[in-house]
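J.: Could you put together the complete structure from these sequences and hints?
2 protein chains.
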Amino acid sequence: MPHFPPPGDKAALEEGLVFTPKFDRDGLVTVVAVGAEKGEVLMVAHMNEESLSRTLETGEAWYWSRSRRSLWRKGETSGQIQRVVEMLTDCDQDALVIRVEVGGDGGCCHTGRHSCFYRVVKGDHDAPARLVLAQ
Amino acid sequence: MPHFPPPGDKAALEEGLVFTPKFDRDGLVTVVAVGAEKGEVLMVAHMNEESLSRTLETGEAWYWSRSRRSLWRKGETSGQIQRVVEMLTDCDQDALVIRVEVGGDGGCCHTGRHSCFYRVVKGDHDAPARLVLAQ
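As given, the protein sequences belong to chains B and G, one line each in that order. Going by my numbering, 99 is the number at position 99 of the first sequence; the sequence numbering is gapless. Going by my numbering, 33 is the number at position 33 of the second sequence; the sequence numbering is gapless.
Any given hint could be a false lead.
[To be verified] In silico DSS-like links for lysine-lysine, alpha-carbon gap of 30 angstroms or less:
(1) Lys22(B) <-> Lys38(G)
(2) Lys38(B) <-> Lys22(B)
(3) Lys10(B) <-> Lys122(G)
(4) Lys22(B) <-> Lys122(G)
(5) Lys22(G) <-> Lys10(G)
(6) Lys38(G) <-> Lys22(G)
(7) Lys122(B) <-> Lys38(B)
(8) Lys122(B) <-> Lys22(G)
(9) Lys38(G) <-> Lys122(G)
(10) Lys38(B) <-> Lys38(G)
(11) Lys10(B) <-> Lys10(G)
(12) Lys122(B) <-> Lys10(G)
(13) Lys38(B) <-> Lys22(G)
(14) Lys22(G) <-> Lys22(B)
(15) Lys38(G) <-> Lys122(B)
(16) Lys10(B) <-> Lys22(B)
The set of hints was computed from the structure by calculation and includes no laboratory data.
T.: In structure tokens, the structure reads:
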């Protein structure tokens, strides 16, 4: 399993060329999965050290399910496997973007939509904000 | 200030048309800011109830800085104000995507880069993963 060295100082985190993911107090980093071709945001999820290791080893996205408290190979039941074309880290190495090619029907969301972000928030000054289905 | 009703059940969260953001135990939702035109991921940050309210009211991105423990009007000092063209929520309403037009020099990252995701993670079977500057 790949080894992740502990995060260094600010300069090392931001300008260094060693991957030292900064896991939060629950041992997680935030991961944004985007479509490999168009770059549209598909989902936001989390990885712990083991799921991140497996993702790097296998080239397929493994997450940590906070609700089920278990490792989660995305698409294992649905066929919507996410093949990782590229992984990027942000400046302080506590968030990742993965560009993925999606297997199965190409969708991502458990509700059946292509992306989990299928509703637009419409602000309103006096009432609760409304949601409108995205085009 | 806009009012956010408490999250409902799974069906209401996923299919409802009232915005009921699901703040975590620190009172935060995860926010992915993407460029309004091309959709590239610029940064991942967090909003608490007040910063989300201000964002909806002003049309400019306000975040909660976890490191400084304070409200943070993005771009207040740098000029890199983020004008929110569209906000989307995900299926369980604990993550948001905002499509933003960036003021000032159009950048986003405090290191001076356009995006915070300027390094690619290159996995390696036996050694720590390396980082390579993105093209």
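J.: Decide, hint by hint, whether the structure agrees.
T.: Comparing the hints with the structure gives:
The suggested pairing of Lys22(B) with Lys38(G) holds, with an alpha-carbon distance near 28 angstroms, which does not exceed 30 angstroms. Annotation: proposed proximity of Lys38(B) to Lys22(B) holds, straight-line Cα distance about 28 angstroms (limit 30 angstroms). For the proposed pair Lys10(B) and Lys122(G), the alpha carbon gap of about 21 angstroms is at most 30 angstroms, so the pair holds. For the given pair, Lys22(B) sits about 17 angstroms from Lys122(G) by alpha-carbon distance, which is consistent with the 30 angstroms threshold.
For the hint pairing Lys22(G) with Lys10(G), the CA-to-CA distance comes to about 11 angstroms; that is within 30 angstroms, so the pair holds. Restraint check: the Cα-Cα separation between Lys38(G) and Lys22(G) comes to about 28 angstroms, which is no more than 30 angstroms; the hinted pair holds. Simply put, Lys122(B) and Lys38(B) have alpha-carbon atoms about 25 angstroms apart, close enough for the 30 angstroms limit, and the pair holds. Of the supplied pair hints, the one linking Lys122(B) and Lys22(G) holds, its CA atoms being roughly 17 angstroms apart against a limit of 30 angstroms.
Of the supplied pair hints, the one linking Lys38(G) and Lys122(G) holds, its CA atoms being roughly 25 angstroms apart against a limit of 30 angstroms. The suggested pairing of Lys38(B) with Lys38(G) holds, with an alpha-carbon distance near 9 angstroms, which does not exceed 30 angstroms. Between Lys10(B) and Lys10(G) the CA atoms are separated by roughly 40 angstroms; this puts the pair beyond 30 angstroms, and the hint is violated. The straight-line distance between the Cα atoms of Lys122(B) and Lys10(G) is roughly 21 angstroms, inside the 30 angstroms bound, and the hint therefore holds.
A threshold of 30 angstroms between alpha carbons decides the hint, and for Lys38(B) with Lys22(G) the separation of about 28 angstroms falls inside it, so the pair holds. Simply put, Lys22(G) and Lys22(B) have alpha-carbon atoms about 24 angstroms apart, close enough for the 30 angstroms limit, and the pair holds. Proposed proximity of Lys38(G) and Lys122(B) is supported: the alpha carbons are some 22 angstroms apart, at most 30 angstroms. Annotation: proposed proximity of Lys10(B) to Lys22(B) holds, straight-line Cα distance about 11 angstroms (limit 30 angstroms).
Hint 11 alone, counting from the list given before, is not met by this structure.
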